[in-house]
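Undergrad: Chain by chain, the residues run as shown.
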Amino acid sequence: MWWKILLFFWIAVLSVVGIVTPIAGDLGSVAMFAQMDKAKTVPLKFTIVDRGRAATEEEGGGWLLRGRDAHDREADFHFTSRPDGLDNAEGYLVVARYDNDNHRVEVERVTGEYPAFSFPLIPGLEERAKIIFFHVPMAWMTVIAFLVSMWYGIRYLRKKDMDDDYRSAVSAGLGLLFCILGTTTGSLWAKFNWGSFWNWDPRETSIFVLLLVYGAYFALRSAVEIEEKKATLSAVYSIIAAATVPFFIFIMPRIMPGLHPGSADDSNSGPVMSSGGMDAMMRIVLYAMLVGYIVLYGWLMSIQMRIHRIKLRRAETAS
Amino acid sequence: MIRQAIAVFYKDLASELRTRYAINALLMFVVVTLAVIMFALAGETMTPGALTGMLWVVMFFAAMSGLSRSFVAEEERGTTMTLQLLAKPMAVYLGKLIFNLVLVMALNLFIIALFLLTMDQFVVHQFGLFWLVMLLGSLGIASATTIIAAIIAKANTKGTLFPVLSFPVLLPLLMAGINATKIAVEDVRWDAAWPDLQLLGSYIVVITTVSFLLFDFVWKD
Amino acid sequence: MRVVAEHVSKKFNRRPIFKDISFTVEPGEVFGITGRNGSGKSTLLRIVGGLLTPTGGTLRYHNDGSEVTHENLHRVMGYVAPYLTLYEEFSAEENIALYARIRGLTHTRRDAQELLERVGLPVDRTDPIRAFSSGMKQRMRLVFAILHKPPLLLLDEPISNLDAQGMNTVYGIVADFRTHGTVIIATNDAEDIAQCDRTISVEAA
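Protein chains in written order, with our numbering: chain A, 412 to 730; chain B, 9 to 229; chain C, 18 to 222.
Source of the hints: derived by calculation from the structure; they are not laboratory data. Computed from a predicted structure; not experimentally measured. Note that the Cβ used here is the ideal one computed from N, Cα and C, for glycine as well. Hints may be right or wrong, so weigh each one.
Computed cross-link-like contacts, DSSO-like style, restricted to lysine-lysine with a CA-CA straight-line distance of at most 30 Å [said to hold, decoys possible]: (1) Lys36/C - Lys640/A; (2) Lys570/A - Lys36/C; (3) Lys36/C - Lys571/A; (4) Lys228/B - Lys96/B; (5) Lys640/A - Lys96/B; (6) Lys571/A - Lys166/B; (7) Lys541/A - Lys640/A; (8) Lys166/B - Lys154/C; (9) Lys722/A - Lys415/A; (10) Lys166/C - Lys166/B; (11) Lys641/A - Lys228/B; (12) Lys154/C - Lys166/C; (13) Lys228/B - Lys166/B; (14) Lys641/A - Lys571/A; (15) Lys96/B - Lys571/A; (16) Lys28/C - Lys640/A; (17) Lys602/A - Lys541/A; (18) Lys640/A - Lys571/A; (19) Lys166/B - Lys36/C; (20) Lys28/C - Lys166/B; (21) Lys28/C - Lys571/A.
Covered, in the sense of this in silico footprint (three residues per stretch, anywhere, with C-beta under 8 Å from a C-beta of chain A), are these stretches of chain B [said to hold, decoys possible]: (22) 159 to 168; (23) 179 to 186; (24) 201 to 215; (25) 218 to 228.
With these hints in hand, go ahead and build the complete structure from the sequences.
TA: Next comes the structure, spelled out in C-alpha cells:
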C-alpha cells in the first residue's frame with residue numbers, strides 16, 4: 412500500500428518541480444540573445460558581487476551593481492530603480508537583456524531572489540522546455556509498452572498460456588494510451604516551437620506509424636472471435652510490425668528533414684538530449700519521472716490482471 | 009517442398025483462370041482508378057515527382073484490393089482444411105507467395121504500361137533503375153501482404169482489415185520505393201538510389217524470413 | 018499405423034470441450050469415437066488429424082516402427098468429414114489430378130477413373146463438382162482421402178448423405194484398411210459403431 416502513495420507523491424512532486432522550477436540563463440545566453448534580437452528579454456540569475464551605487468543621469472538613472480553568473484562570469488547590472496531587499500539579498504532572478512552599447516545588463520524586472528534550483532535557458536526552447544518531463548517519458552513508455560506486448564506475444568506462441576495473451580493486450584492498451592498522450596504533448600510542443608502541430612519529421616512519423624500499428628493490433632483483435640486464434644494472430648502481427656522497425660530507422664532520415672534533437676542532419680544533436688549536454692538537474696527530474704511512469708505502468712498492468720482474474724473466476728462460478 | 013509449392017501455385021492459378029473472380033475486377037479497378045486520376049488532374053501540369061507518388065498510390069491500392077484474395081478465397085470456400093490435409097504449411101505459404109508475386113507483377117506491369125501511355129508528363133529517364141525498383145517493389149509488396157492476407161483470412165472483417173494491417177508494415181517499402189522511383193524519373197545519378205535498393209532488398213529478405221517462421225501459427229487452428 | 022493420444026484436452030474461448038482423453042489405436046484396428054452432439058467428437062478427430070492444436074496433452078504416431086512428425090502427418094493420413102470442402106470449381110478428374118500433383122504422386126487418368134469407379138462416381142462427367150449432389154460430394158471426399166493410399170484413415174460421420182450402396186463402399190474401404198492400416202471413426206451411427214473393434218466415448222472422459 413505505502414508504495415502506491417509514494418508513487419502518487421513521486422509523480423506529483425516531480426510534475427510540480429518540473430513546472431515550478433524557474434528557467435534561468437547565464438550571461439553567455441543573454442549575450443547570445445542580444446546578437447539575435449536586441450529587444451528580447453530573457454530570464455537570468457546572478458549573485459551579487461558588489462551592491463553598487465545609484466547611477467548618474469548619463470548612466471540612465473536607477474541603480475548599478477556588479478553580479479556574477481553560475482559560470483563565474485561577471486558583469487554590470489543596471490536596474491531602473493534600487494531593487495527591493497538589496498541589503499540582505501544574495502542574488503536575484505531577473506528578466507533582462509544585454510545592452511551591447513553600454514556593455515551592461517539591462518534588468519527589466521526582478522522576478523525573485525536567487526533560486527537554489529533552476530533549469531538552464533535553452534535558446535529556442537526557454538519555458539517550453541519544461542514539457543520535456545511529460546513528453547519524453549510518454550514517448551519512451553509507448554515504445555517500452557509495445558516491446559513488452561510483443562514479448563508476451565512471443566511467450567504466448569511458445570507456451571500457449573492465455574494469461575500471456577492478456578498481458579500482451581493490456582500492455583498494448585497502455586501503450587496506446589501513452590502513444591496518444593505522447594503524440595498530443597509532442598504536437599503541442601511542436602506548435603509552439605516549430606510553428607505547426609505536425610511536421611512529419613522522422614520521430615513524428617515513427618510515433619504515427621506506432622499509432623497505426625496499435626490501431627491495427629486492436630482492429631485485428633476485435634475481428635477474431637475465437638480467443639486462442641485472436642491471441643495467436645495478434646502476437647504474430649506484432650512481431651511482423653516490429654520486424655519493420657529497423658527499416659524505418661534507416662529510411663526516414665533519408666527522406667525527411669529532422670527537427671528533433673539527435674536527427675541525422677543535426678550535427679550537435681541538440682542542446683537537450685545529447686549526453687552531457689543536458690543540465691544535470693533536468694536529467695535527474697526526467698529520469699525520475701521515467702521511473703515513476705514505469706512503476707505506474709507496472710501497477711496498471713497488475714490491476715488489469717487482477718480485474719481479469721476476478722472476471723474469469725466469476726464466469727467460472729456462474730457457469 | 010518446392011514442387012509442392014509450385015503445385016499449390018498451379019492450383020491457385022488454374023482456379024483463378026477458371027473462375028476469373030479476381031483478375032477481371034482488378035484490371036477494371038486499375039482502369040477506373042487511373043481514370044479518376046486523369047479526370048481529377050485534367051489540365052493540370054504535374055511534376056514527374058508528383059506523378060511518381062500517384063503511381064505508387066495506384067499500385068498500393070491495387071495490391072490492397074487483390075492480394076488478400078488467395079487466402080480469403082480458401083477460407084470463404086471452406087477449403088482451408090482441404091489444403092491443410094494436402095500440403096505442408098511451408099509449401100502452402102510458398103505457393104501463395106508465388107501466386108501473389110505473379111499477380112502483383114502482372115498488375116504492376118499493367119499499371120505502369122497504362123501510366124506511361126496516358127500520362128504524358130511522366131517521363132522516365134533511367135529505365136534500368138525504374139524497372140529494377142518496380143521489380144523489387146513488387147517482390148516486397150507480395151512478401152509483406154502474403155502473411156497479412158493469411159492473418160486477415162481468419163478474421164471477420166477481411167476486406168477492411170487488410171489495408172489497415174498492411175499499411176504500417178508496407179510503409180518503409182513504400183518510402184524507399186517512391187524515393188528510388190523519383191531518382192529514376194528525375195534523372196539524378198543512378199547510385200543515388202543505392203541505399204533505397206539495399207533497403208528494398210533487405211526488406212524482402214527479412215519479411216519473407218519472418219513470415220516463414222510465423223506462418224505455421226497462423227495457418228493451423 | 019499406431020496412434021497414441023495422451024491426456025489430450027481442448028478449450029475454446031477458455032471453455033473446456035473435453036479433458037484428459039488418452040487412448041492407443043493399434044495397427045489394423047478400427048477405432049470409434051462416440052458421444053452426443055456437441056460433445057467434441059469432431060474436435061477430437063481434428064486434433065488427431067493434426068488440424069487443430071490441443072490445449073494440453075500430446076499425440077504421437079508410429080508407422081512401421083518409425084515416428085511420424087506432425088509436419089508429415091498429412092502424407093500418411095486420409096480424412097473424410099462433412100465439413101471438408103473440395104475445390105468445387107473443378108471437375109472430379111481435375112480434382113484428382115490436382116491432389117496428385119500437390120502430393121507429388123504419379124497418377125494417370127486410368128488410376129483416376131479406377132478410383133472414381135471404386136467409390137461409385139461416374140467417370141465421364143466433366144462439369145465442376147459444385148453441381149454434384151451431397152451424396153456424390155461425400156464419395157468425392159472418399160477419393161480425396163484414399164488417393165495417396167495412406168495407412169491411417171480418419172472418418173467423421175462417413176455415411177452421412179450416402180445411400181445403401183455408398184455405405185457399402187465406405188465399409189468396403191474400412192475392411193480394406195483392416196489389412197494394411199488403421200481407421201478412426203467419429204460417429205453416433207449404430208452401423209458405423211458395429212464396424213468398430215473398440216470405441217471411446219468423449220463425454221465419459
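Undergrad: Does each hint fit the structure? Answer for all of them.
TA: A quick look at each hint next to the structure:
1. Lys36/C - Lys640/A: 20 Å, holds
2. Lys570/A - Lys36/C: 18 Å, holds
3. Lys36/C - Lys571/A: 16 Å, holds
4. Lys228/B - Lys96/B: Judged against 30 Å, a Cα distance of about 11 Å means the pair holds.
5. Lys640/A - Lys96/B: 20 Å, holds
6. Lys571/A - Lys166/B: The given pair, whose Cα atoms are some 25 Å apart, holds under the 30 Å limit.
7. Lys541/A - Lys640/A: 45 Å, violated
8. Lys166/B - Lys154/C: 28 Å, holds
9. Lys722/A - Lys415/A: Roughly 24 Å separates the two Cα atoms, so the pair holds.
10. Lys166/C - Lys166/B: Status violated; Cα separation ~37 Å.
11. Lys641/A - Lys228/B: 13 Å, holds
12. Lys154/C - Lys166/C: Cα-Cα ~20 Å, so holds.
13. Lys228/B - Lys166/B: The hint holds at about 18 Å.
14. Lys641/A - Lys571/A: Holds, because 12 Å separates the two Cα atoms, which is no more than 30 Å.
15. Lys96/B - Lys571/A: 22 Å, holds
16. Lys28/C - Lys640/A: 12 Å, holds
17. Lys602/A - Lys541/A: 15 Å, holds
18. Lys640/A - Lys571/A: Satisfied, since the Cα-Cα distance of roughly 11 Å is no more than 30 Å.
19. Lys166/B - Lys36/C: Violated: Lys166/B and Lys36/C sit about 33 Å apart, past 30 Å.
20. Lys28/C - Lys166/B: Distance ~25 Å between Lys28/C and Lys166/B Cα, so the pair holds.
21. Lys28/C - Lys571/A: 11 Å, holds
22. 159 to 168: Satisfied; 6 residues make the cut.
23. 179 to 186: holds (count 5)
24. 201 to 215: As far as the segment 201 to 215 of chain B goes, the hint holds, because 7 residues have Cβ atoms under 8 Å from chain A.
25. 218 to 228: holds (count 5)
Checked against the numbered hints above, the structure breaks hints 7, 10 and 19 and satisfies the rest.
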